[in-house]
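Peer 1: Read off the chains here:
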Amino acid sequence: MATAVQSVERENYLNSNYGIKSWLLTSDHKRIAMLYLISITAMFWIGGFFAMLIRLELLTPAGDLVSSDTYNKLFTMHGIIMVFFFLIPSVPAVIGNFVIPLMIGAKDLAFPRINLLSWYIYMAGAITAIVAMVTGGVDTGWTFYTPFSTTYSNTHVIGAAIGIFIAGFSSIFTGLNFIVTIHRMRAPGMTWRRLPLFCWSNYAAALIMVLGTPVVAITLLLVALERAFNIGVFNPQLGGDPLLFQHLFWFYSHPAVYIMILPGMGVISEIIACFSRKRVFGYEFVALASIAIAVLGFLVWAHHMFVAGISVYAALVFSLLSYLVAIPSAVKVFNWTATLYKGSIRYETPMLYAFGFIGLFTVGGLTGVFLASLGIDVHVTDTYFVVAHFHYVMVGGMVMAYMAGLHFWWPKISGRMYPEAWAKLSALLVFVGFNTTFFPQFILGYMGSPRRYHAYPPEFQVLNVLSTAGASILAVGYVLPMIYFLWSLRYGELAPPNPWNAVGLEWMTPSPPPTHNFDETPIVTWEAYDYEHQPQEEVSVGH
Amino acid sequence: MHNLQDRFHPGSAQEHFDPMSHVVPIRMYVTIWAALMIFTGLTVFAATVELHVFNIVLALLIATIKGTLVALFFMHLRYSTKLTMVTVIAAIFFLFILFGLSMTDYLTRAWLTNTIH
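Residue numbers (the working numbering), protein chains in the order written: chain A, 740 to 1282; chain B, 76 to 192.
In case anyone wonders, no lab produced these hints; they're calculated from the structure.
A virtual CB, placed ideally from N, CA and C, is assigned to each residue, including glycine.
Honestly, I wouldn't trust all of these hints.
What the hints assert, rightly or not - Quick partial rundown of chain B residues pointing at chain A, CB under 10 Å, derived from the structure:
| hint | residue |
| --- | --- |
| 1 | Leu126 |
| 2 | Leu158 |
| 3 | Thr162 |
| 4 | Ala165 |
| 5 | Phe169 |
| 6 | Leu176 |
| 7 | Met178 |
| 8 | Thr179 |
| 9 | Asp180 |
| 10 | Tyr181 |
| 11 | Thr183 |
| 12 | Arg184 |
| 13 | Leu187 |
As the list claims (entries may be wrong) - Some, not all, of what chain A presents toward chain B, calculated at C-beta under 8 Å:
| hint | residue |
| --- | --- |
| 14 | Ile957 |
| 15 | Phe968 |
| 16 | His986 |
| 17 | Phe990 |
| 18 | Leu1038 |
| 19 | Ala1041 |
| 20 | Val1046 |
| 21 | Ser1050 |
| 22 | Ala1053 |
Said to hold, decoys possible - No more than 20 Å apart at the CA atoms, straight line, and that leaves these computed lysine to any residue pairs for SDA-like:
| hint | chain 1 | residue 1 | chain 2 | residue 2 |
| --- | --- | --- | --- | --- |
| 23 | B | Lys157 | A | Lys1163 |
| 24 | B | Lys157 | A | Trp931 |
| 25 | A | Lys1163 | A | Tyr1230 |
Work out the full structure: start from the sequences and follow the hints.
Peer 2: Structure follows, in structure tokens:
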């Protein structure tokens, strides 16, 4: 049987050649995306392991499982790994890498070797950070605030900072590659107004990667230099300013939230349109909202510093500017909702995850508006309210979108279908588990429970137990896809080129795609999401 | 180079793109190098003169001029497409956002304490 299947199976990027060398020296964007998928999945489980220990510690009010120093290291390493080594590369480096060239009708990204180099740099950064963690860990929080990180911490701050510094360049390379590719390698007829929204949002995120990442790289290098040589940039005794670190750090790290969420929003636009059988309502507005979020995202950073001792006048300015980001974000949410209106909705797994995204991102976004207002922020800063807020955006939003995208494009990536019933169960478990984990934290925070402590007063126990119970459901929700995706590689049903009957060039090539993506360069004569007009029949192939 | 060109679809390029097309005479490079050396000397000299707060302003001014020369001539920005120019200007624009909005903090931090006292 196996030989019979192989003989009809045409050559694709997975079977074109074999051996470890053909993967480690590949310049094929699809194979590099797979290298990234394996690496960031490993990082996700390491980061998740730290989260599990945190939740286990918080099961009881007493600090009994780990010491306070170990707890500090656990939440720091959870944050560093999840933010820099999972969330930032997740959608762009895995899904974007795989589908952007396919979506625009190109054979590869503009700089295939730089793409491979970006993965090696990512690995170098990840290994450096992991070595720092294994040899003793770091306890500054993922934000590396001075003067603790520069003067007082006795942990491996320099190693972790250098790891993030190195990984930053991989992010810059990916961003650069996307910008050049989307500008210069679109197929004939693929105008900016016909560009899929996933490309628009990755383009916006790429702009932030290129403009913002050098700032955090230099800032962390300054922390390392200050620790090693006491150069005095952040030390007031030498004429420096500890708050300067927060300005520089958040100048990147707030926009970095949009590096993480924008590509996720792109995934949602694709899925909502496909499973509602409708064009995205107000395509231009959704596209330009991505650019608006990218630009406005650079004007709001000091809302992380309202209680840090910045000028109250600056706080007023930043509070006002922070409200502005809600506008393009709301444009997206309203337009997705309007797309659903009168659509022929199908409840397949990617759509379930996408629904989860819209609801949870809205909760995360709206609580962000609370935090942008000075009065509330002062009350809830450094409480679990903030923890719940950004997990609603990052996990409820971003990880949901990543899972939605993985399920949506898995047939294209692997050439196999996953078991739909199990996948629906996983979407349900993730949604229920996530809310059970993080909703109680809003209440905890509002009641004044501070973050980053390994012990808490007994009256907070019920909510903490709920949260830990939810985390275990969430973990099952994430383990399931890992199992059935691996299972499907061997036993899954063979996927047709277009299992969802979606429009978009990536569905017009076989699953999995051949190494050069398209046998002939496609010519695009229709707009994106032209679900009303069966565009597949209009495909003309030229060159 | 041939392979690189092949990867670009003929219909999609909005502007003609060939990074190797402009040949700059060696004399130009030498002139710019000489100018950079003169400015370096000027920086060293300026550091020996007491100008109070203006020492740093002058040093940054000279450094900016030198950086501009490097970008324009050594990095061929002067002969590049408008899109490349826009890219560089965008980077400078965002640098000004970083400086400008940080200054809303640094320039006004003392205001409230001044009013109270």
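Peer 1: Each hint needs a verdict: does it hold in this structure or not?
Peer 2: Each hint tested on the structure:
1. Leu126: violated, 18 Å
2. Leu158: holds, 7 Å
3. Thr162: With a minimum Cβ separation of about 9 Å from chain A (threshold 10 Å), the hint on Thr162 of chain B holds.
4. Ala165: holds, 7 Å
5. Phe169: holds, 5 Å
6. Leu176: Result: holds, 7 Å to nearest chain A Cβ.
7. Met178: holds, 9 Å
8. Thr179: holds, 4 Å
9. Asp180: With a closest approach of 4 Å, the Asp180 of chain B hint holds.
10. Tyr181: With a closest approach of 8 Å, the Tyr181 of chain B hint holds.
11. Thr183: Constraint on Thr183 of chain B satisfied, holds at 4 Å.
12. Arg184: Hint on Arg184 of chain B: holds, closest Cβ of chain A at ~4 Å, below 10 Å.
13. Leu187: holds, 6 Å
14. Ile957: The hint is violated - Ile957 of chain A has no Cβ within 8 Å of chain B, the shortest such distance being about 11 Å.
15. Phe968: Result: violated, 21 Å to nearest chain B Cβ.
16. His986: Holds: closest Cβ of chain B sits about 5 Å from His986 of chain A, inside 8 Å.
17. Phe990: This interface hint holds because 5 Å falls under the 8 Å limit.
18. Leu1038: This interface hint holds because 7 Å falls under the 8 Å limit.
19. Ala1041: Ala1041 of chain A check passes; min Cβ-Cβ to chain B is 7 Å, inside 8 Å.
20. Val1046: violated, 13 Å
21. Ser1050: holds, 4 Å
22. Ala1053: holds, 4 Å
23. B:Lys157 <-> A:Lys1163: Given that 20 Å is the threshold and the Cα spacing comes to 49 Å, the pair is violated.
24. B:Lys157 <-> A:Trp931: holds, 18 Å
25. A:Lys1163 <-> A:Tyr1230: Holds, because 18 Å separates the two Cα atoms, which is no more than 20 Å.
Against the hints set out earlier in the document, violations occur for numbers 1, 14, 15, 20 and 23.
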